[in-house]
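**Q** Residue-level listing of the chains:
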Amino acid sequence: MILRFDPDEMPELWSIQAIGHDVRELLNSDGWRQRGSPRVDEVDWVLSESPRKLLVRWGDSEAFLPFNVEDGNQLPPPSRLEQMSAEDMLLVLAAADPSAAFRYWSRSQEPSDDFDSDLDSASPIDLDALRRYDLQTTFLHRIRRRARILARLRASIEQPIWGKQSLEWKLNGLIGVGAVAERLRREYESADGGGDEALLMLADFLIVLDEVCYEPIEGSLPKTEFDGIYRPFLNGLAEKLKRDVALRTTNLVGRRDAVLDWSSGSMPKLTDIYDPPEELVLGTRLNARLPEADQKRQREEVVGILSRLRTQPGVILADEVGMGKTFVALGIAYSVAVRSPRGPAIVMVPPNLVEKWVQDLKTFCELYLESRHPLLVDGATRKELTDPAAVRFGVARHSIDLMKLLDDPPSRRCHLIFLAQGAMGRLQTDKWVRLALIAEALRRHGRGGASRLILVKKQIHRFLAELIKAVGEQSASDWGENLWGELLRSSVDSWKDIYNGAVKDQNRRLADDPVPKAVTRMLKSLDLNPLATALELMPLKATGGAARITERVTAVRAVLREIENKLWSQVLAQARWRSPLLVMDEAHHLKNPASLLARQLQSTESTEDLRTGDGALANAFDRMLFLTATPFQLGHHELVNVLTRFGGVAWNEG
Amino acid sequence: MNSVWPGFEIESEPDREDLACLLERESKLGSVYAGVLVDHAMAGVEHSLRWDVLPVRIRAAKQHAKLSLLVWSRHVRVIVASANLTDPGYRTNYEVAGVVDLSPGEANLQLLAEAVAFLRSLIELVPGAAERPPEIRRATEFLDKTESTAASWPPMPRRGTIRQQLTCTLPKADEAHPARSSLTEAVEACRRRVGSPNEAWIASPFFDPDPKRSRATEALCKAMARDSKRKLRFCVPSAPNSGSTSSVPRLAAPKALILSAKLYEADFKVEMLPQLDADKNPRPWHAKMLALQSPKYSAMMVGSSNFTGAGLGVGAHHNAEVLIRRSGWGRKRNSTKMSRQQDRCYQRASFPPPTAPETTGA
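Respectively, the protein sequence lines represent chains U and C. Quick note: the first sequence uses our numbering, first residue 1003, plus one each step. Quick note: the second sequence uses our numbering, first residue -12, plus one each step.
If we strip away everything but chain C, and leave its shape as in the complex, we get:
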């Protein structure tokens, strides 16, 4: 955590300096407001009493977004990540995060407004929020103050045709606030610029368990261009060796991914995500990434959405999810630049891809 929270890092080692670590943590949390919006099923587990826990309840779905808003008097940092606020999330797993800094010199106020609006939506999903109990008041005051802090900062000038925005999945709140789908928002953004994407890269640790039908793949294929061959690249983790003597690796993904891709006559490849780091330490893959491309458009989204119906907002139930989307279009230079960034994000995927159908059993 210390790499992303300058000024808030805990310098003591929890394992060797437990007393110093405890006092340091209490001290640092005591001097700031800290609140966490957590899925109600995970709330109430042992935590420091120096931060507010706001349980978010979504029927038949979950609060799955990992959005951090860090506010100093002259600086705001928005972090959209795949990592949970847990030890594995910040110390062990392969995770991905997008960071946007705002300061009086340069502020992406639109993105900050999107982040604050998303957090306000989550607050409304806390049971009893309408009665405005103290923890809800503290949270909304924090968001109000954040907006007022940055309000006077000059907005960041638009740079060519590269954008950085948030995209969300949310359940329907009321008629005025319909459900949102991160996949739909991403595809719509592409269509507004150059038309539908014809290529998509997906990296996700989890998928819907249905072995015959992948709703997420189908929704993605439907949203893609129909006038050219759809190209899909699935990057999936490998399944733990269950004692099989076969040398063919097994993938921790349902066969439905390729069945659905075939149904839409998509050209697909499946690649294996690493589970070990350079020192051979086990590092489970937990990052979630989705890239959309066309000849003149490239967008990369990183954040909390797994490649599932609830994660992308294409099923009956919508999680709360948030991703940061960086896109470039128009001039070839911009889309190529985005593509290169995309390649760097995916470069950890191993090659060659085992595409044989028998290796993609769930």
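With the rest of the complex left out, here is chain U:
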């Protein structure tokens, strides 16, 4: 850092502090005088981050000292840029509208609870044998996609540029050619295996850069000046990459045998989720409550079905009544759920049998799982939830229950969810979702010139309880009607804390975020114009009598209900959640493809005329296990229809 002083005007005692990530004294009056009181002094800056401010202190005074950067290209990039892959960088660099590319990328970085990087990395998708048919990730598709990006990059660099600084930035800036090359080199060095593909990408990248033929127009940087900067840059880049890659290749020679050995025999078994875990003692540690033969047969069935699920999308278990399908199914569901990173196994049962399955799970844990106990997640403490011996389960009688259970973080998420059949097809209505819709409509449309809606925004808390059918909710809180105003002004993510801080009754407190993440995500793409228009009709004052107010609120509620239904249909059809296994009890209901249950397992082609729940379970499961004891009486087509439902497995074959 170069500091300039006017020695004649310096006070007796002073200090300069650099304020950034840390506070560090750069220089003080004593140090400066020891250095001979120079007019221009240089101070070493050893940290990797630049300071944000320089604070000067003298006597009782202090002020900020302006400072400037000699070469902006040397500034360290924002730390969050580290998350950007080489391909993301290429997309931004090649984009016709880099601003839109930035926004697209940053949105993709927003945390999503249905993705857990730690867990997902345990099963890299391109190494998963069962995912080998996902064409989008095949080498051919990857190469074609990158070729398109590189072609766009070349076109982008060939565009007229208006000054040397712009060109320098394109080459050496935050997301410039040099930064992309560096990121590609890093990816090559950290690539598992030989890194051949990463090396090919680097070579392609350099070839495309070499083919660039700048096309100036009047007023832009002339071609000679462009080439005067670009060509030396490219030569330097190629030389540097060549050195780095040569070093890496030398290091690789020693690893060659290890790589081959790894690929031929010692590859970790990524499909271990289809092996029964040690604690499952069904059939291996016999008890006196059931015939030994039954226990051994059930063990064989568990092992056999798990083995089949390695290579096929589903299995129908059609044992007769009394043979223990429930225990077999729970053994399989437990085996898959405790090891899969994809979330809970879902057991879909008729609503009247939910309680029976819960009881069976308790018995199953007691008899067939060593040192494990069942734990209902609803109402459980954090300590109970994180107990390794807990088999966490939840019950979802409505689709919103399922969404909330799926929102939980992996460390506290259910192993098993009992989902009542029909839950996904039932029209969902929830006051919190309605509140979220209203909040988003007011946020999006209640500004600028929307004067009526702005007025409504200020008064709506007075009538909100009636509108969302939550009368009495505010009286439970310390804030009264203002509770609604506070919630509307806050982000949905903070509603749980705000509400829990406001309600007096402990029993009323929310155990979970009231609006599922899937709903929050879908809100952004929903057309809320009709709701905004309807909200303008909301009363501003409590005049005209209760009947008049109720009439106006009812009219708005009708529109709200319509939009809520639409939202819910879209949420269910498009929500991005995954489960390793669906266990479907009474699966013979699937023999009619037009039934609500069957439609839930089918992909939907469009969101038009979507019936609530259609496609809600399509492509969400890695595997399915169907249980039925009812014979297929009308012919083999009934069985075929049921088998067809396995097409809803997220298999991506072909």
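Just so you know, the hints here were simulated from the structure itself, not pulled from any lab data. Hints may contain errors.
Straight-line alpha carbon distances no greater than 25 angstroms define the calculated SDA-like cross-link-like pairs of lysine to any residue that follow [stated by the list, open to error]: (1) 267/C - 1535/U; (2) 132/C - 1535/U; (3) 199/C - 242/C; (4) 15/C - 1100/U; (5) 15/C - 1222/U; (6) 132/C - 58/C.
Only part of the chain U face toward chain C is listed, based on derived beta-carbon distances under 8 angstroms [said to hold, decoys possible]: (7) 1052; (8) 1071; (9) 1080; (10) 1083; (11) 1100; (12) 1167; (13) 1176.
We put the CB at the ideal spot given by N, CA and C, even for glycine.
Using the hints, position chain C against chain U.
**A** Relative to the frame of chain U, chain C by itself:
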């Protein structure tokens, strides 16, 4: 800011897309030269390191000018505004700006030369500028390049008797560069054409705090024609309600305005500037405007000068200020056209004017 910086607008929303906004800002600033000449008392506060900050130091006064010079390869835009480079300045306040575009087809080279000269004057007021440190070199190179870019563009033909020029307030640099006063320059321009103005409109958010004497009003009255009644229109903001139960609005201006006007026997009116927009959102008034008129002359100045001695350059201390002056004279059509433009600028002032002296307390 996006309405005045085509090609440089930040499209991401800072509140909702902070990461995209950060990357976009860094990216856009990285590919251009950007420098800001800021009063030394405000310099060094947290800012992007991708633009140069040049602290301007004026003893007993401040760098208050808001002049933006945006340069493309085939376009130059000069913006003279009342707005600071702050969020309130570009998003909330009532502000006013004059924009002049220059291109190879038409270039007001005189105005560009005035803008560049003004910026060079400010650069000289940066401590240590004489030693030519890198940030000073970058700034002067930018100005040199701007001048050379536009040098070959054909100058704009003069259109009748309407002119657009800059007028400045600056402290004295040396004997060869005496102090400048925006008020004096504006009045002199009027006198050169038709004589002294007899009517003035003033809109300003701030005034000198002296309750007995307004140096700016006195200087204005002295500069105005003596052969006819001087007319003054003060447009001032209202004072925040301090709990008074009186229905009479209080104005955020010193009584000295009308005391000084009375001293010079001027016919004056005081009008209240709006503080709310059409949607009743609070919008503090920060625009500064001064209009001078006579039967055959009309000039409107917008820019940074508050109606203060330092702002107009009529006191002991001179700020650095810049205003854009658009004037018309001679044929009645031109001065009437200017007057209409002036009316449009002032139309936000509310009526009727509370002229009673008791409403004009500071």
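**Q** Enumerate the violated hints, using their earlier numbering and listing them in ascending order.
**A** 2
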